[in-house]
Amino acid sequence: MEVLESRLELAQEYIAKGMDYDQYRAMVDAYTEQGKSTGPEQSEARIEYTKLNQRRMKRWDKTFKISVANLNALAQSTTKLTFLAITESWCGDAAASLPIINKIAEASPNISFKVVLRDESLDLMEAFLTNGTMSIPKLIIINEDAHEVVGEWGPRPSIATQMVQACKAEHGKLTEAFKQDLQLWYNKNKGENILTDILGLLTLE
Numbered sequence: 152m153e154v155l156e157s158r159l160e161l162a163q164e165y166i167a168k169g170m171d172y173d174q175y176r177a178m179v180d181a182y183t184e185q186g187k188s189t190g191p192e193q194s195e196a197r198i199e200y201t202k203l204n205q206r207r208m209k210r211w212d213k214t215f216k217i218s219v220a221n222l223n224a225l226a227q228s229t230t231k232l233t234f235l236a237i238t239e240s241w242c243g244d245a246a247a248s249l250p251i252i253n254k255i256a257e258a259s260p261n262i263s264f265k266v267v268l269r270d271e272s273l274d275l276m277e278a279f280l281t282n283g284t285m286s287i288p289k290l291i292i293i294n295e296d297a298h299e300v301v302g303e304w305g306p307r308p309s310i311a312t313q314m315v316q317a318c319k320a321e322h323g324k325l326t327e328a329f330k331q332d333l334q335l336w337y338n339k340n341k342g343e344n345i346l347t348d349i350l351g352l353l354t355l356e
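Heads up, the sequence shown is in our numbering, so the first residue is 152 and it goes up one at a time.
Among the clues, some could well be false.
Below, computed lysine-lysine pairings styled on PhoX-like, alpha-carbon distance capped at 25 Å [stated by the list, open to error]:
#1 K341 / K216
#2 K330 / K319
#3 K187 / K168
#4 K330 / K187
#5 K339 / K319
#6 K209 / K187
#7 K216 / K202
No wet-lab data here; the hints were simulated from the structure.
Can you make the complete structure from the sequences, with help from the hints?
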């Protein structure tokens, strides 16, 4: 029980100093203009991924829509939740998921959304590993009324996770061709798998 309480307390500390989504987007926009990436490793690859992800997030922000039924359910929910996402600007999976997570939060007056950077939040990341790894993005869902962590999600939606597992089983790693196929899948799926996954973690009352 003490371990669970410490994870909650740690998450709440980072929520207090985290960015909101608009602040995170503004930071990525600024880094793109400056030719930089978040994190200590300023490699050419990470800088290029940051530029690419900035364009992807801008597109998702404009195009992703939640159905009327789901909008109504989110709008009417009285459960007070906080979403805390751990990410970095160079992370391609985050570029597809954070805009959808933000749309979910925007649809409910009782859901707040904060973002922190992994390499500035290593103790938090260590407390919320995925299969023993520091994979991002990582979404932590906290029920503020019950004072407990009620859900974790990431780094990819369920269908994409199955695709990754199949690729690793066949090739031992993620091939460049697969990475391109994965981005095509994200575009074709239009955020629906991410939305379904996360709504499935929420107990809306």
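Now for the hints, and whether the structure bears them out:
{"no.": "1", "hint": "K341 / K216", "verdict": "9 Å, holds"}
{"no.": "2", "hint": "K330 / K319", "verdict": "12 Å, holds"}
{"no.": "3", "hint": "K187 / K168", "verdict": "22 Å, holds"}
{"no.": "4", "hint": "K330 / K187", "verdict": "22 Å, holds"}
{"no.": "5", "hint": "K339 / K319", "verdict": "22 Å, holds"}
{"no.": "6", "hint": "K209 / K187", "verdict": "18 Å, holds"}
{"no.": "7", "hint": "K216 / K202", "verdict": "24 Å, holds"}
Violation of the numbered hints given earlier is absent; every hint is satisfied by the structure.
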